[in-house]
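Please model the entire structure based on the sequences and the hints provided.
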Amino acid sequence: MAASASIIRVMGEEVLDSRGNPTVQVTVVLEDGSLASATVPSGASTGGAEAVELRDGDRRRYGGKGVLNAVRHVNEVIGPALAGLLADDQWRIDAVLIELDGTDLKRRLGANATLGVSLACARAAAQACRLPLFRYLGGDEAHILPTPMLNVLDGGIHGNGGPDLQEFMFVPLGAPTFREALRYGVESYHAMRDLLAERRSATHVGDEGGFVPGLPSNGAALDLMMQAIERAGYRPGEDIALALDFAATSLWHDGRYRLEREGRSLSAQEMAGLCREWGERYPLVSIEDPLMDDDWDGYAELTRELGERMQIAGDDLFVSNRSFLVKGIAQRCCNCVVIKPNQVGTVTETLNTARMALAAGYACMVAHRSGETEDTSIADLAVALNCGQLKAGAPARGERVAKYNRLLTIEASLGEGADYAGRAAFPRTR
Amino acid sequence: MSNHATIDTILADEILDSRGNPTVEVTVTLGNGITASAAVPSGASTGEFEAVELRDGDPRRYGGKGVLRAVGHVNEEIAWALTGMRADDQRLVDEKLIEVDGSGNKAVLGANAILGASLACAKAGAMESGLPLFRYLGGTNAHLLPVPMFNVLNGGKHGHGGPDVQEFKLVPLGAPTFREALRYGAETYHALGAVLADAGAATNVGDEGGYVPQLASNAEAMEFILRAIERAGYRPGEDIAIGIDPAASSFYADGRYHLSRDNRVLTSAEMIAYWADWVSRYPLVSLEDPLADNDWEGFAALTRELGARVQIVGDDLFVTNRKFLQRGIDERCCNSILVKLNQIGTVTETLDTAQLAFSAGYTCLVSHRSGETEDTSIADLAVALGCGQIKAGAPARGERVAKYNRLLAIESMLGDDARFAGRAAFRQLRRN
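So the sequence lines, in the order shown, correspond to chains E and V. Going by our numbering, the first sequence runs without a break in its numbering and finishes at 430. Going by our numbering, the second sequence runs without a break in its numbering and finishes at 1432.
Hints were generated in silico from the structure; no laboratory data involved. Do not rely on the hints blindly, as some may be mistaken.
Pair ranges (Cβ atoms, derived) [what the hints assert, rightly or not]: (1) 80(E) to 1141(V): 34 to 42 Å; (2) 1091(V) to 180(E): 48 to 56 Å; (3) 1035(V) to 355(E): 29 to 37 Å; (4) 1267(V) to 57(E): 53 to 61 Å; (5) 83(E) to 1323(V): 50 to 58 Å; (6) 107(E) to 1230(V): 32 to 40 Å; (7) 1217(V) to 9(E): 21 to 29 Å; (8) 279(E) to 1006(V): 30 to 38 Å.
Quick look at which bits of chain E chain V covers, simulated, 3 or more residues with Cβ under 8 Å [to be verified]: (9) 185-192; (10) 265-279; (11) 389-398.
Partial selection, computed: residues in chain V whose CB lies under 8 Å from chain E [said to hold, decoys possible]: (12) 1018; (13) 1202; (14) 1267; (15) 1401; (16) 1402.
Idealized CB from N, CA, C, for every residue including glycine.
Following this line, the structure appears as C-alpha cells:
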C-alpha cells in the first residue's frame, strides 16, 4: 500500500431516512483528496441494550426526532479529534471514538454520530487504497456472495394490519449465483403480489418493502409463501426456503407470547413447539428472535431442542454486542448472530462481534434496519465477512434494492472468483 | 477546454428498480479513468406517446420484464458508436444515440438503453470538469432550489384501493429554504400517518411512498390532507399548498370520466367544472393531467377557465416531447409541462423541451417515475433548469428520499448563493 492518507475533514449533516425521519450523514475528506460519505440507518424494533441513537428531543423539529446534536458532535467533537489520523487505521479511529464517547452505549456522542464517522472513514480509506469496500474490510479472501433473505410479508410493528410475526422471508438458497437468487426472489415476490391481488388483499408495502395482508393466522401467511414460490415456478425447500423473524419481544404481554391474529397466547415452551411444528410442515431454515430478549434459559432450551435442525438467530438477545455474545456462547443460546453495525456503533466492534461468532461456530446474518438509506455498506460487510447471509428487506423500495444491486455489482466485479453461498450458508438444515 | 478525455468503455448491467423490476444501469469510463454510472427509472402510468422502454418479453425471466436486450444494445451498438467521442459533447453524444436508433421513438435500442448512456455520459463529463452535475448541466447561474411536491396520498394506478386521483401532494411553498421545506413536508407526512391511523386506516405505502387509505370520496382525501397540515402546525395555503395529479386518462373511457370513488360519470365540461370547484375550495396550486391525454379541446377550455388561477401541468399530454408541447402552445393547452427524462430518452432532448416551455411562458415541473432507483439525476436537473419545482414522491422510501437528500447536499454546497423557489415557482400565484 502506498503511503496512506490522513484525515483532514469530517463533516456531519442531517438527512432523511426511508421513513422520512432524520438521520446522520458523514463525509470524510483525506489529504490525498479522497472523499467518502456514509449514512446511518435506524431501527424501529430496537433491542433494549443497543447503542444509543441520539435524537434531539426538540418537539418543534421533526416531532423530536431531529439529529442536530449528533451532527454537531461529528463536526465539533469528533472531527477535531480525528484530524491528522491515518484513515486506514480503522482500529485506532474507532478506539478514539469509543474513548471520546466514554460511555458503555455511546450515550454521549450518539451511536448515529460514531457509526457515521466510522463507516465514512472506512469508505474514504478504501478509496485511497483503490479497493472496493468489501475487499478493504475483508481482505483477499472476501469472495462469498451472501444468500439474500428477502422479506415478502411485513407484520408486527413494521407492517400495520399485517401478521403478528414481523418478517416472513424467501431464502433462494438453491440458485447457482447471487444474480439468479435475486431473480428467484423477485419473481416469487411478484407472484405473492399477484396472489394477494387475486384475493382482493391490498398490495401496499410496509417499511421493509414486504406486503402487509390481513390474514387469519401466521400459518396462513406461510401457506401463502409456499403458493407464491410454486406459482413463480420454483420448488419450496429445493430452490427457495423460508425464514422468519418473530420479533417475539414485541409479542410479549402479561407473561405470554400473544398471537393476536390467531386469538391465542403461548408460553415459551409452546413457542418452541410451534417452531418445531412449522419446521416439520415448511422448509424453514432460520428463525430469528423466537423468544423474549431476556429469556436466556428459554433460548438455551430452544437451541438444545431445535438447534440441530434449523438456524436460531439472536438479534434483540445479542444486539451485535460482544459481551452478550460471550454469555450466549457460554450458555449455548442460538447458533446465529444478527449483525447490525448501528447496534454497536463502530466498524471495528461490528467486525469483532462477527469474528467472535464465527470462531465459536455461530453463523452470522448481516442485517438492515427498518429505517434505511441508500447507503450500501451492509452489502459489502456481508461479503467482507464471507458469512453467507444478508437480510435487506423485500426486493422493493429503493433503500432495500440498493443493497441487492450493490451485490450484483460485487458479484460482477469478482467474476470467476465469486462464490454464491446458497445452501452452504445454512449447514444445520443439510 | 483542452485535452478532454474521450469515452473509453460503456458497460451496462441489469439491476432492479424500487418495485423489483429490472432496469438498465450504464457505466461510462473515460480514457483518464473517470467513471460514472446512471440508472434508468420506469413508469407504471405511461403516456401513449412516450419513448419506448425495451423489455425482453421472455416470460421465463422476471415475467417478461427483463432488460437483457437493452443491456446488450448498450454494450454493443451504443458502445461501438460512442467510444472515442468526448463525454462533454453531450449534444453530439445524444445526436449519435438518436441516429443509431433511427426509429424516432427509440424503439430499436430502447429508451432505457439510450437514456442510461446519455445520463452516464453527462455524469462522466461533469466529473471530468470537476463540477457537480447541476452546475455542469445548468451553468453558473444554476442556484435555485425547487419547491418539492410530496406525494403523500396515492390512488389510481399507483395505489389500488385508494382514491381515483392518483396523487395528492404537499407543496411547502412558504418555507424559507429547501431544507425547511423538506422538514415541513416530512412532519406533515408523519402527521397524515397519525391522522389516518386515528381514523382506523392502514398506513402502508404505495409505489411512491404515499399512504393509500380506503376512502369514501376524493374530497375526503383532501380533507385528510388539510387536517394533517394543521396537525403538524402549518397553515394550509400559506405554508403548505396542495397539488394533485388525477392522471385522468386512467379513469377516462368512452368519452367520459368515471370517478368510481365518487360514483359519478362526467363529461369533459363537467370534469372541468369539478376541478374549478376544487380550485375555489382548496389551496390548490397545481393540477396535473386533470383531463385525458387525447382531450386537447378540453385542455384548451380548462386552461382558458382556470389557467390564470392555477398551474395546469401536462404530462401524458406532452410526454416531454417538443412536438406535443408545440401543439399545446399553439392550442393554449396547459401552462406547465411535466419533465421526465425517460419519456423522451436523452438529456439533450429533455433540456430542449424545457427550453421550449420556458420560451413560451410555461413552467416546468421535473418529475420522478413510479419505478425509481437510487439515481438522483432529476434533483440536479431541477436545479440546472432553475425551474423551481420537483416532484419525487413522499418523503419516504429510499429511492424518493435520495432525491431530496441530494437537494439538501446541493443547497449546502451552494451556501449563500442558494435560493429557494418558494411561492415564486408558481406563476399563477404571483399574478394574484
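The hints, checked one at a time:
no., hint, verdict
1, 80(E) to 1141(V): 34 to 42 Å, "holds, 36 Å"
2, 1091(V) to 180(E): 48 to 56 Å, "violated, 40 Å"
3, 1035(V) to 355(E): 29 to 37 Å, "holds, 33 Å"
4, 1267(V) to 57(E): 53 to 61 Å, "holds, 55 Å"
5, 83(E) to 1323(V): 50 to 58 Å, "holds, 57 Å"
6, 107(E) to 1230(V): 32 to 40 Å, "holds, 36 Å"
7, 1217(V) to 9(E): 21 to 29 Å, "violated, 54 Å"
8, 279(E) to 1006(V): 30 to 38 Å, "violated, 60 Å"
9, 185-192, "holds (count 4)"
10, 265-279, "violated (count 0)"
11, 389-398, "holds (count 5)"
12, 1018, "holds, 4 Å"
13, 1202, "holds, 5 Å"
14, 1267, "violated, 31 Å"
15, 1401, "holds, 5 Å"
16, 1402, "holds, 5 Å"
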